[in-house]
Amino acid sequence: MPMRGGRLPAGRAREGGARPHERLLGSRTGRGAAALCAGALPALAFPAPSLSWFAYVALVPWLLLIRSAGTARRAAVDGWLGGTGFMIAVHHWLMPSLHVFIVVLAALLGLLWAPWGLLVDRLLGGSPSVRRSVVAVAVVPSGWLMIELVRSWEGLGGPWGLLGASQWDVPLALRTASVGGVWLVSLGVVAVNTVVTLLLAVPTGRRAAGACIVVGAVGVGATAVWAPRPEETGSVRIAVVQPGVVDGPNSVERRFARSEALTRGLAGRDVDLVVWGESSVGVDLSRSPGTAERVAALSRLVGADVLVNMDARRTDGPGRTGIYKSAVLVGPDGPTGDRYDKMRLVPFGEYVPARALLGWATSVGKAAGEDRLRGSGPVVMDLPDGLRVGPLVCFESAFPDMSRQLTKDGAELLVAQSSTSSFQHSWAPEQHASLGALRAAETGRPMVHATLTGVSAVYGPRGERVGTPLGTDASAATVYDVPLARGTTPYVRLGAWPVYGALAVLAVFFGVTGLRSFRTPAPTRPEGPARTAGGSPERPGR
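All residue numbers for the sequence shown refer to this note's numbering, where the first residue is 1 and numbers rise by one.
Hints may be right or wrong, so weigh each one.
Below, computed lysine to aspartate or glutamate pairings styled on DMTMM-like, alpha-carbon distance capped at 20 Å [said to hold, decoys possible]:
#1 K408 with D338
#2 K408 with D341
#3 K408 with D382
#4 K408 with E232
#5 K408 with E231
Now the in silico label distances, taken between C-beta atoms and shown as ranges [to be verified]:
#6 E260 with G30: 54 to 60 Å
#7 G467 with E260: 21 to 27 Å
#8 V225 with T204: 33 to 39 Å
#9 R516 with P203: 24 to 30 Å
#10 D169 with F510: 34 to 40 Å
For the record, the hints were derived by calculation from the structure and aren't laboratory data. For each residue, glycine too, the CB sits at the ideal point set by N, CA and C.
Let's have the full structure, built from the sequences with the hints guiding it.
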């Protein structure tokens, strides 16, 4: 029986002359494979392919597939399988570490897109009216943003692969990020995909799509013109030391020695700060005076503090003995006392969630054999010349709220220390480095992304690239003249307001939908035949 708008249920190809794509989508296996592939397409918008423009149409095949579902159940399955494909694609570089477990995790996280599939089916399915088309352009992106919000929780893997982050090299998108963070960029990208879907497949919605294009263009244009711009206040010279890949026996000590040699080459370069990557020191400097003195000697030689990163066992008090990832500032006289302990850890890489239940993951991949310990709060470090530095470690640069908080606490320069050596020949190093552009644009503060093995990169306060990045084949120490800026961006001032706006849109949509359902009288059941006093049905004509 035809569904709303004259659609046929999924799985029922027309008899006789069914076209090849109809036979494919009519097959449960074929449709499932199509959903997985359609969901994976947006990954091409991120580095390394970095097809930023593709993000604005990458969701269209997925939206069209869900639109053709025919039943709510099929739409939810299309949403789930597409979400699974997306999670596998943007995290495919984890396969060497997690093996088949990455598929299990992707399938679980993909369930977040099942309700979104229902939402898309309800708003874009059939022949939407002009009003329903306008509502779709607001509600479909809002539903997507809720998925990004939920999966941004550290325990679910963190905000890696937020759709808005694919626009890291688009100046207009970076301006937008300064107003509403990566969240506002994601909303815009999904809204454009929704409009394109209406233009392609919904003749009755094209007028609404055109109106939405005009409204969106005016909004983005107003943002570009009137949003406050960071006011540059000078510059600092930051040196990034990237030792490169060092494998084999005694790799930790040999990497330290390589970093030491590269840093000595900075003597006389008039730098203000030297930054080493994550896990650049394998001992606790407070218990290793010899190593601490070697770093202090480098500070005296180059005339600047050195920000290193310890990956070492430490005792912080009763019950607080374990391995920390710590950014430590070392001056001419040794560690200055400024230390930041990493707060947000990589699931499975640095700890195993619910280890008692999921500890078996260590036997099928490279999951952490011992849980790292967490820091207690953000830290802003003060350099001798007055510059205030906000450190982050590894994938903490993916969390917009962390760099925002450091900026509110007075940081003038954001520094992320990272190590992606385990994923050297994948898309991960480029994608990780690109996050610095978003964090810089959101906060109006420059950001230094320093790694052990590349990609190391520096971004100015508008998210623009500063100098030349150090690729994964480089072993070098490079000095960057980094512009500083003052002022407060709307995002720093207001926070993730697009998320609250999306929540409000969804609340109104579901509230109105529920109210209409309540007011619409339920279909009445036909009354049975009247009965006579004797209990027999009354028969007409008798």
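Hints breached by this structure
none
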